[in-house]
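Mind docking chain B on chain A? Use the hints.
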Amino acid sequence: MTVQIAQRLDARNLSCPMPIVKTAIAIKALVSGELLEVLATDKGSVKDFAAWSRTTGNELVESTSEGPVFRFLLRKK
Amino acid sequence: MDEPLAITLFSGTDDKLQAAAVLTAGAAAVGRPVHIFLQYWGLEAFRKESVTPHDLVLAPEAGEAGLRAVMELAAAGQSSWRETLEQAKAIGQVDIQACSLSMDLLHLTESDLDPLVDGVEGVTAFWLAASEGQVVFI
Numbered sequence: 002m003t004v005q006i007a008q009r010l011d012a013r014n015l016s017c018p019m020p021i022v023k024t025a026i027a028i029k030a031l032v033s034g035e036l037l038e039v040l041a042t043d044k045g046s047v048k049d050f051a052a053w054s055r056t057t058g059n060e061l062v063e064s065t066s067e068g069p070v071f072r073f074l075l076r077k078k
Numbered sequence: 002m003d004e005p006l007a008i009t010l011f012s013g014t015d016d017k018l019q020a021a022a023v024l025t026a027g028a029a030a031v032g033r034p035v036h037i038f039l040q041y042w043g044l045e046a047f048r049k050e051s052v053t054p055h056d057l058v059l060a061p062e063a064g065e066a067g068l069r070a071v072m073e074l075a076a077a078g079q080s081s082w083r084e085t086l087e088q089a090k091a092i093g094q095v096d097i098q099a100c101s102l103s104m105d106l107l108h109l110t111e112s113d114l115d116p117l118v119d120g121v122e123g124v125t126a127f128w129l130a131a132s133e134g135q136v137v138f139i
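Those protein sequence lines, which keep their order, are chains A and B.
Under the working numbering, the residue at position 24 of the first sequence is numbered 25, and the numbers go up by one with no gaps.
Under the working numbering, the residue at position 82 of the second sequence is numbered 83, and the numbers go up by one with no gaps.
Among the clues, some could well be false.
Label-pair distances were calculated between CB atoms; the ranges are [said to hold, decoys possible]:
(1) A:Ala51 <-> B:Glu4: 17 to 23 Å
(2) A:Ser33 <-> B:Pro61: 46 to 52 Å
(3) A:Glu35 <-> B:Asp105: 49 to 55 Å
(4) A:Leu61 <-> B:Val58: 34 to 40 Å
(5) B:Arg48 <-> A:Lys29: 29 to 35 Å
(6) B:Glu50 <-> A:Ile6: 42 to 48 Å
(7) B:Pro61 <-> A:Gly34: 47 to 53 Å
(8) B:Ala75 <-> A:Arg72: 22 to 28 Å
(9) A:Thr65 <-> B:Ser101: 47 to 53 Å
(10) B:Ala91 <-> A:Val62: 23 to 29 Å
(11) B:Pro116 <-> A:Val62: 34 to 40 Å
Keep in mind the hints are simulated off the structure, nothing from the lab.
Glycine is no exception: its CB is placed at the ideal position from the N, C-alpha and C atoms.
Extracted from the complex, chain A is given alone in its bound form (with noise of 0.2 Å):
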């Protein structure tokens, strides 16, 4: 099954908490359901973005990381 990706968003070598800003950003402009795919190298983001999608609602579909980056999937709640 091939994912639809609505957006992506680059935050490689953003220090905290703008990784986090800019994502609450980006999925603002999404409809219920569509994908984000983020990008980011914050030491922290892995347990930031676990943290933020359970506050939000937002659902973290997938976490993975590639050397030092790390990437988010998000489904807009």
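Leaving out everything else, chain B in the frame of chain A:
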């Protein structure tokens, strides 16, 4: 998670302002309303002429090594505390109020302040706004 957060921002050094801005943006991102009360040097930092780009001033415990570390992060593109607060306002409910006593102390009027400041209030209004949530002193 909409428990409000109140921050009394007393300090005016760039490191403590950055810490306050990061806490504010993080709270705003998870939907918590934030009320910031600017007192003394925290208010001084929000004068229009203080906010403009300037040499970083840090708390004394930073020392020279601390200053170098903070400058490296800034050179790597870290958002300034002012930009971070601006972004926090864009994603959530952030109300920044100047303490009226500190306005008198520093001989300030509202037109002297950066537009990020939403207004002037006394301590009673602050405690009313803070009554339902946590208070952080920086």
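Those earlier numbered hints the structure runs against, lowest number first: Structure breaks no hint.
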